[in-house]
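Asker: For the record, the sequence lines run as chains A and B.
Every letter in the first sequence is one number past the one before it in our numbering, and letter 67, counting from 1, is 944.
Every letter in the second sequence is one number past the one before it in our numbering, and letter 265, counting from 1, is 412.
It is possible that some hints are incorrect.
[Unchecked claim] Cβ pair distances, simulated, as ranges: (1) A:G955 - B:Y351: 49 to 57 Å; (2) B:E156 - A:L1198: 42 to 50 Å; (3) B:A401 - A:Y922: 29 to 37 Å; (4) A:Y1103 - B:K330: 27 to 35 Å; (5) A:L1198 - B:I299: 40 to 48 Å; (6) B:L205 - A:D1050: 51 to 59 Å; (7) B:F308 - A:G1111: 57 to 65 Å.
[What the hints assert, rightly or not] For lysine-lysine, the following DSS-like pairs were computed, each having C-alpha atoms within a straight-line distance of at most 30 Å: (8) B:K168 - B:K330; (9) B:K157 - B:K172; (10) A:K963 - A:K951; (11) A:K883 - B:K330; (12) A:K951 - A:K883; (13) B:K266 - A:K883.
By construction, these hints were calculated from the structure, which means they are not laboratory data.
Remember, it's a predicted structure, so these values are computed and weren't measured experimentally.
For every residue, glycine included, the Cβ atom is placed at its ideal position computed from N, Cα and C.
Listed below, chain by chain, are the residues.
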Amino acid sequence: MRWIIKRLIIAIFTIYIVITITFFLIRLMPGNFIDMMVYYYMTTYGMSEIEARNTVYALYNVVPNEPIFLQYIKYLFGLINGNWGKSYISNKSVLEILLYGLPWTAFLLSVSLTISFAIGILLGIFMAYRRGTFLDSLLSTLSSISRATPNFILGLLLLYFLAIYYPIFPARDSYDITIEPGLSIQFISSVLYHSFLPMLAYILTSFGGWALAMRSSAIRVLGEDYVMAAEARGLKPGRIARTYVGRNAVLPLFTSFAISLGYMFGGSVFIETYFAYQGIGQIIGLAMSWRDYPLIQGGFLLITITVVLSNLLADMLYGLLDPRIKRGGTYGG
Amino acid sequence: MVDRLRTLEKILSEHIYIPLKILAKDKRALFGLFMLIAYILISLIGPMIIPLDLTPNLEEKYLPPSWKHPLGTDFAGRDILAQLVHGGRDVLTAAFAAGIVTVGIGTVVGIIAGYMGGKIDTIITAVIDIFLTIPGFPLLIVIAAWLLQSGIPITILTIAFVLSITSWAGLARAVRAQTLSIKNEEFIEVDKCLGLSKLYIIFYEILPNLMPYIAMNFMLSSVSAIYSYTGLMALGLIPLTPGNWGAMINMAQAYVGTITGAGATYILAPSFAIILLQISLVFLANGIDKIFNPRLREW
Chain A
878 MRWIIKRLII AIFTIYIVIT ITFFLIRLMP GNFIDMMVYY YMTTYGMSEI
928 EARNTVYALY NVVPNEPIFL QYIKYLFGLI NGNWGKSYIS NKSVLEILLY
978 GLPWTAFLLS VSLTISFAIG ILLGIFMAYR RGTFLDSLLS TLSSISRATP
1028 NFILGLLLLY FLAIYYPIFP ARDSYDITIE PGLSIQFISS VLYHSFLPML
1078 AYILTSFGGW ALAMRSSAIR VLGEDYVMAA EARGLKPGRI ARTYVGRNAV
1128 LPLFTSFAIS LGYMFGGSVF IETYFAYQGI GQIIGLAMSW RDYPLIQGGF
1178 LLITITVVLS NLLADMLYGL LDPRIKRGGT YGG
Chain B
148 MVDRLRTLEK ILSEHIYIPL KILAKDKRAL FGLFMLIAYI LISLIGPMII
198 PLDLTPNLEE KYLPPSWKHP LGTDFAGRDI LAQLVHGGRD VLTAAFAAGI
248 VTVGIGTVVG IIAGYMGGKI DTIITAVIDI FLTIPGFPLL IVIAAWLLQS
298 GIPITILTIA FVLSITSWAG LARAVRAQTL SIKNEEFIEV DKCLGLSKLY
348 IIFYEILPNL MPYIAMNFML SSVSAIYSYT GLMALGLIPL TPGNWGAMIN
398 MAQAYVGTIT GAGATYILAP SFAIILLQIS LVFLANGIDK IFNPRLREW
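Sequences and hints are given; from them, build the entire structure.
Answerer: Put into C-alpha cells, the structure is as follows:
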C-alpha cells in the first residue's frame, strides 16, 4: 500500500511540474505573450488597442500588473476547474479541442501498442529459446532494424507508396467523412481501413524494441534455478515456457512502458500530421505551426497526464504480478 | 610510476582490448562500426569533393538517377546526392553533441545518487522518475516553441542541449543502479581501507566498470537525438537548414505528394540515409551491450 501511495505522489508531482514548467516558459516568454495576443486581436478582428487588451485580459484571466505568482495560482485553479484557456486560432476552449482528438489518438496508440507488445513478447521468447541459431540472429537483426527506424520516416514511406503512388489505402482522415459516425458496420470498417497505415507505421517501428528487451530478459530467466528445477521435475516444455519463463521475463518490461508510450505519443505528432488523422498529435502539430501557445501547452499537459496515468496503471499491474515489488525490495534496481 | 602504468595497462586490457575482441566477433556490431566511420568520413570529406549548388535549375527538375546525378534531382533541379552529403555534418554533430551532454549529465547524476546514498539519493531518484515519465518529444516541442519565440538562435548546439534535457534520466537511473551494486564489492572496501579518496574510487574503480554502459547509452542517445532533430525539421517545426536530411524530407513531403513517381529518390534518399545511420548506431549499441552483459553472449 505504501508503495502505491509513493507512486501516486510521484505521479501527481510529475503532472504538477509539467504544469509549472509550461506556465513559466510561456508566461515569461520574451516578446511577451499578452502583447502578442493583443496585437493578434487588433490585426485579426480590427479592434482598437484598448478593446483588444480588455478582450485578451478577459480571455486569459489576466489582471494587468498582477504579480506572476498570483497569475500562477489562478492558472492552477483554472486547470483544476477545467478552464484550460482558449485556443487563439479557433477561439474554442483548449480542453474541448483536445478532448475531441483524444479518443482517436488513444484508439490508434492502444491498438498499436497492444499488437506490437504481443508480437515482441512472442518473438523475444522464441529468440531466447533459439539463441545462437541462424533464426535468432535473423530475427534479432530484424528487431534491431525495427527499433532503429524512425516511425515518422516509415509512416511517410507507407503514405507515399501505399496511399499516393499505389492508392490502396486512404491518404487522409480518420474515417470516411461521407459516412455518418455511429455504431454501424460501415463506420467501423471505415475507421479500421483509415487507421491501418498509421498503425502499421507504429507497430513495425516498435515491436523490435519489445522483442529485444524480451529476448534478453528471457535469457536471464532461463538461467535461473527454478527453471532448471521445473525441467528436472519433468514439466512439459510448453508449460515451462509460459508460466515459468514467460511470466517472469515479461515483468521487467513493464518499467519501460511509460517510456514507450511517451515515445509513441511523440511519434503521433508526425504520424497524425502526415496521415491527416484527427488526433492530439495533429492538433499539436497544427498548434505549433500557428504558434497557438495555449493549445500547445494544453496538448503537452494532456499527453503528460495520459502517460503518467498509464504508467501508474502499469506500475500497479507490475506490483500485482510481482509481490516482491510491493515490499519495496527491488524497486529502482 | 610503475604502479600507475600497471593500472593503466590493466584498465586498457580490461576495458579496451577485451571489449574490442568481443566486438570483432559480432558481425552486426562490426557492420555498424564501419558504417558509422563511413558516415563520419563522408560528412567530413564529401563536401570537399562534391560541391553543393542550390541555385534552381527548373529545366532539370525531377530527373531520374543518371551518371551526372547519381540520385537524380529535386523539385528545383538540384543534385540530391550533393545535398545528402552536405547534410550529414549537421545531423552527426547534433547527434554526437546531444549524446555527449546526455551521457555527461546522466553519468554524473547517477554516480552522485548511487555513491552518496541517503537523502540525496532519494531526491535524485524522485527527479529521475519524474523526468522518465514526462514524454520527451512533446516537451521538446514546447521548448522549441519557446526558443522560436525567445529569439535565442536555434543552432545545432542549442538543439543538442535541449535534446539532452529530455533524455538523460534513463542513463542516470541505470548508472545509479550499477554504482549501488559496485559500491559494496570487496575491492571497493579494500580501497577504502587503504585510505584512497572518494574521487579515486569513482574515477578508477567505478567509472571504468560503467564504461561499456556509458558507450552504449551514448549510441542510443544519439539515435534518439537524430530522431528528434530530423523529425522536428521534417515537420518544419524548427527552421530548416539547406541540405539537412530532415529539411529534405520536409521539402519532399511538400512537393512529392502532389506529383507521382517522378520525385521518388528525393523522398527515399534522405529517408534511407537516416534509417541506415540509425541501424548502424543500434547495431553498435547492441554489440556494446554484449560486452556489458555476458549472458547475451551465448552463441
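Asker: None of the hints should be skipped; say for each whether it holds.
Answerer: Outcome of the hint check:
{"no.": "1", "hint": "A:G955 - B:Y351: 49 to 57 Å", "in the structure": "54 Å, holds"}
{"no.": "2", "hint": "B:E156 - A:L1198: 42 to 50 Å", "in the structure": "48 Å, holds"}
{"no.": "3", "hint": "B:A401 - A:Y922: 29 to 37 Å", "in the structure": "31 Å, holds"}
{"no.": "4", "hint": "A:Y1103 - B:K330: 27 to 35 Å", "in the structure": "28 Å, holds"}
{"no.": "5", "hint": "A:L1198 - B:I299: 40 to 48 Å", "in the structure": "46 Å, holds"}
{"no.": "6", "hint": "B:L205 - A:D1050: 51 to 59 Å", "in the structure": "34 Å, violated"}
{"no.": "7", "hint": "B:F308 - A:G1111: 57 to 65 Å", "in the structure": "59 Å, holds"}
{"no.": "8", "hint": "B:K168 - B:K330", "in the structure": "28 Å, holds"}
{"no.": "9", "hint": "B:K157 - B:K172", "in the structure": "22 Å, holds"}
{"no.": "10", "hint": "A:K963 - A:K951", "in the structure": "15 Å, holds"}
{"no.": "11", "hint": "A:K883 - B:K330", "in the structure": "26 Å, holds"}
{"no.": "12", "hint": "A:K951 - A:K883", "in the structure": "28 Å, holds"}
{"no.": "13", "hint": "B:K266 - A:K883", "in the structure": "16 Å, holds"}
In summary, the one numbered hint that this structure violates is 6.
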